[in-house]
Amino acid sequence: KAGVTQTPRYLIKTRGQQVTLSCSPISGHRSVSWYQQTPGQGLQFLFEYFSETQRNKGNFPGRFSGRQFSNSRSEMNVSTLELGDSALYLCASSLDNVGGKFFGPGTRLTVL
Amino acid sequence: GNSVTQMEGPVTLSEEAFLTINCTYTATGYPSLFWYVQYPGEGLQLLLKATKADDKGSNKGFEATYRKETTSFHLEKGSVQVSDSAVYFCALRDSNSGYALNFGKGTSLLVTP
Numbered sequence: 016k017a018g019v020t021q022t023p024r025y026l027i028k029t030r031g032q033q034v035t036l037s038c039s040p041i042s043g044h045r046s047v048s049w050y051q052q053t054p055g056q057g058l059q060f061l062f063e064y065f066s067e068t069q070r071n072k073g074n075f076p077g078r079f080s081g082r083q084f085s086n087s088r089s090e091m092n093v094s095t096l097e098l099g100d101s102a103l104y105l106c107a108s109s110l111d112n113v114g115g116k117f118f119g120p121g122t123r124l125t126v127l
Numbered sequence: 018g019n020s021v022t023q024m025e026g027p028v029t030l031s032e033e034a035f036l037t038i039n040c041t042y043t044a045t046g047y048p049s050l051f052w053y054v055q056y057p058g059e060g061l062q063l064l065l066k067a068t069k070a071d072d073k074g075s076n077k078g079f080e081a082t083y084r085k086e087t088t089s090f091h092l093e094k095g096s097v098q099v100s101d102s103a104v105y106f107c108a109l110r111d112s113n114s115g116y117a118l119n120f121g122k123g124t125s126l127l128v129t130p
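Line order of the protein sequences matches chains A and B.
Under our numbering, the first residue of the first sequence is numbered 16, with each subsequent residue one higher.
Under our numbering, the first residue of the second sequence is numbered 18, with each subsequent residue one higher.
Mixed in with the good hints there might be a few duds.
Quick list of in silico lysine to aspartate or glutamate cross-link-like pairs, DMTMM-like style, CA-CA up to 25 Å [to be verified]:
id, chain 1, residue 1, chain 2, residue 2
1, B, Lys85, B, Asp72
2, B, Lys122, A, Glu97
3, B, Lys73, A, Asp111
4, B, Lys85, B, Glu25
5, B, Lys69, A, Asp111
Derived from the structure by calculation, the hints contain no laboratory data.
Please model the complete structure; the sequences and the hints are all you need to start from.
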């Protein structure tokens, strides 16, 4: 069974731009969640989707948004990029809200 | 609120040494506990988990026991290998946090030959 895939793996953007990251969960998994990883803040929860509905959201500004499609694939969008948004963005999928979460390799975003 | 505290790293051990990485937690509910491992340049891999008090999670020689009385979930391995060099994250999840994972800061482990 294929694992969680994330595209692109690397991105370089400039301040003020916007970016869209994509995540394809493990087949059959309906829950997708996103995390931001930085050296200073560690791993922080962004949001979680289940069956196209956002169920939970972390403490991030409204510039961070996401959605989930009917095939469970998910995208997250960051608008008006800031230098501090440079991070590894990890997507995780699970069967439901209590199952183990399986992470993708991440998208490394660099904002210049 | 929920939080996870891990021992500071980096931890440097010789091959075949015994490993302990301490993890304690604070939670308002009845959390499930996890250890994840991150190898250089990769995402997180679920190493083991425990869903209730006194459960022992184990995988690839690693073990951790859910101790409610001490609110701990320490990771142990009897004999580490060079290939175990990675960053280890302790995490908890419960309904009070909407099932989001709360991670510790991570502990970097370096195993030398």
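Structure-based check of all given hints:
At most 25 Å may separate the alpha-carbon atoms for a hinted pair to count; lysine 85(B) and aspartate 72(B) meet this at roughly 10 Å. The straight-line distance between the Cα atoms of lysine 122(B) and glutamate 97(A) is roughly 23 Å, inside the 25 Å bound, and the hint therefore holds. Simply put, lysine 73(B) and aspartate 111(A) have alpha-carbon atoms about 22 Å apart, close enough for the 25 Å limit, and the pair holds. Restraint check for lysine 85(B) and glutamate 25(B): satisfied, since their Cα atoms lie roughly 22 Å apart, inside the 25 Å limit.
Of the supplied pair hints, the one linking lysine 69(B) and aspartate 111(A) holds, its CA atoms being roughly 18 Å apart against a limit of 25 Å.
Hint check: no violations occur; every hint is consistent with the structure.
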